[in-house]
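**Q** Top line first, the protein sequences correspond to chains S and C. Sequential numbering from 137 applies to the first sequence in the working numbering. Sequential numbering from 11 applies to the second sequence in the working numbering.
Honestly, the hints are just simulated from the structure, not real lab data. Careful: at least some of the hints might be erroneous.
Chain S is nowhere near these chain C residues, computed Cβ spacing over 10 Å in every case [unchecked claim]:
(1) 85
(2) 92
(3) 118
(4) 198
(5) 224
Where chain C lies over chain S, by a calculated footprint (3+ residues, C-beta under 8 Å) [what the hints assert, rightly or not]:
(6) 321-331
(7) 375-387
C-beta atoms are modelled at their ideal positions from N, C-alpha and C, and glycine is treated no differently.
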Amino acid sequence: MTVASPTDFEPQGLQPQGWLKYFSFSLDHKVIGLQYLVTGFIFYFIGGALAGVIRTELTSPISDFVSRETYNEVLTLHGTVMIFLWIVPVVNGAFGNYLIPFYVGARDMAFPRLNAVAFWLIPPAGILLIASYFVAGGAAQSGWTAYPPLSLSTPAIGQVIWILSVLLLGGSSIFGGINFIATILKLRRPGLKLMQLPMYCWAMLGTSILVVLSTPVLAGTLILLSFDIIAHTGFFNPALGGNVVVYQHLFWFYSHPAVYIMVLPAFGLVSEILPIHARKPLFGYTTMVYSILAIVVLGLVVWAHHMFTSGTPPWMRLFFTIATSFIAVPTGIKFFNWLATLWGGKLALNSAMLFSCGFIINFVFGGITGVALAQVPFDIHVHDTYFVVAHFHYIVYGGTVFVIFASVYHWYPKFTGRMLNEDLGRLHFLLTFIGFNLCFTPQHWLGLNGMPRRVAEYDPSFTTLNQVSSVGALLMAISTLPFLINVIWSAFAGELAGDNPWKALTPEWLTTSPPPVENWVGEAPLVTHPYDYGIPEGKIDLRVASGADLWFGGKR
Amino acid sequence: MTSLAPGSANPAGAARSAIAAEPTSQAHGAPAHGADDHGGHVDARLFGLATFLVADGMTFAGFFAAYLTFRAVNPLPAGSSYELELILPTINTALLVISSFTFHRAGSNLRSGNQAACRSWLLGTVALGVAFLAGQMVEYFNLPFGLTDNLFASTFYALTGFHGLHVTLGVICILIVWWQARQGGRITQQDHFGLEAAELYWHFVDGIWVVLYGILYLL
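Isolated chain S, as found in the complex (with noise of 0.2 Å):
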């Protein structure tokens, strides 16, 4: 494929138009953006499908509606499809793309072909994964962590594929991250300055770090377990006199960065989307700066919290135990500071606004019960039941979906020019909210009186709460419905939403709704600090329009 050079820029047919474009390897940020998101929401609706097998199996005690080997299979697909084709594609790679050029006054990313292939290396990858399904022996029964020696003695060929799968999209994820922290750091349009980018930047620098320094770690761990399956060595059998222990550090070194890979860009999204709704300055831009650095570094540090079980000597408890108890701290101020912006403002109570707040709700739940499980003791008694899993959902799904959702509301106007139903929206967040706090607060209970996670079988005294939570997850499944035919109908039938609905200043919605192909017609809008809401009548200008005469050039 060739560019075409300044002289002979015509439209030439190089790519498809139209529609057509979001099946081409498009270099256009914002179609790979999209393409990152209705990938996402594919695989999305995969990994729900799969976890309504499992609350349908747990609605009764006994392995009935399917086999014991099929619920570890449906299990570890789960888990696999919804961390690293659906949470970790979307909120990075979706809306990364989308806004970071648009934030940092760039038309594309630093490297719009490597950012081609970021994405296409995702679709081969899920296929790959849910296909192996299908093969001898099924797809891979270890669940999501792989852990030796159980994912050496489970039908090898579904485990391979599971292994290549998700180096695959690993790989995907990290020039993904090297184009992100280039764009950032280095596509910054002349004179804007770091501490003026919109929170959404930092949490994505933030989150590209730990995408650049944990996952070939991760990418490694698993060259070497698929050595230990095909090649039959010993690095994790300890039958050969290998170490499962190393496994898990090594494994657990990038998965327990992978929850802020998949939480840290859901705080900079709610942090776009408050302030605009609330019509209030983002309470606190710096501590919230100074709190994502920090859970970055603490975030490198806390890993063997994940192994209190696993022998690990009384120190490292410790050490682990406090590192833990740290990240609290940042998380607090992150929690403080969205209160403090909503405090007192013009709220908006949309569908964008309802699912941010459901988002903090859910998050301060699940954040607390993160805080309980660092603590050793405690942290014994439940290990690897149900409470885990609680604690899990709250933090990934509570929060990081609830922003997707909060996110789609937000910005569809901008991707479409259409504004979505906001009734539809509304009784879509009441189904998921309720549904959600349904489905995954019996788990508390379940797990604190000991029922162990990944097991299709359980004693009958918890049958009744498990009916509940799986009543709570039919609930969150009939929630689709008026999501998809809200962003289906509207796309051709919605309200214009016009190019800046929501009396935006962040630079996205100083362009026309959709963008044009490099952004903005003309010079990219002058930008000064990105949230100067509720700034008194005549002092700012928000007339809605695409170019510099909205965005004033002078100091505050």
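Using the hints, position chain C against chain S.
**A** Relative to chain S, chain C alone:
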């Protein structure tokens, strides 16, 4: 804030005006400036490569951490040991370290306009890299253990093999650079990103080997 005045930021006016002439330019598929044409923004390619090498270095760091932990806590079966023959690997280390200097000479020759000397030094670097790989092969064939014999054997082959893969890739890259630096090729005295990228990568591979040599052979 005059520094933010429109027009001061982007020299690539031609691409801009082409777009400005067509306000709703959804029709354009490819952005006007891709990886080859930087359209007025800074060239971030070396920075991107350096970031990638940080990631690559973390893969090695993971392997090193695993190896050191194995060595600290996992006893080997009776009759095998962590001791290795030192002469050949030491010569190999010297070859690789020298090759970093020869590559550097190639780069400085190119920058001072002596393209023919640059190409000679590149070939010299390739020769040293190939000699290193050959030495590695000789060592592999003379070792008393195979891949699956014990934990140390597996770790040894994984570490040196992964590094050897990097050296092989580096040699291929240098050959490409050597070809591109010919008279009328795309690498010139003024425009030599390919050479700088290959050089950065080669120094990285070299540095990794020094660490690897230290913990695998000397420790």
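**Q** Between the stretch 321-331 of chain S and chain C, see if three or more residues pass the 8 Å beta-carbon test, and mark the coverage as holds or violated.
**A** holds (count 6)
**Q** Residue 92 of chain C clear of chain S by more than 10 Å, beta carbon to beta carbon?
**A** holds, 13 Å
**Q** Measuring Cβ to Cβ, find out whether residue 118 of chain C lies farther than 10 Å from everything in chain S.
**A** holds, 26 Å
**Q** Since residue 224 of chain C was said not to touch the interface, does its Cβ keep a gap of more than 10 Å from each Cβ of chain S?
**A** holds, 19 Å
**Q** May I ask you to check that residue 85 of chain C keeps its beta-carbon over 10 Å from the closest beta-carbon of chain S?
**A** The claim breaks: residue 85 of chain C does not keep its Cβ more than 10 Å from every Cβ of chain S (closest is about 8 Å).
**Q** Does the claim that residue 198 of chain C lies off the interface hold, with its Cβ farther than 10 Å from every Cβ of chain S?
**A** Residue 198 of chain C clear of chain S: closest Cβ-Cβ about 19 Å, beyond 10 Å.
**Q** State whether the coverage of the stretch 375-387 of chain S by chain C holds or is violated, taking the criterion as 3 or more residues with Cβ-Cβ distances under 8 Å.
**A** With 7 residues in contact (Cβ-Cβ under 8 Å with chain C), the coverage given for the stretch 375-387 of chain S holds.
Hint compliance for this structure: hint 1 is the single one not met.
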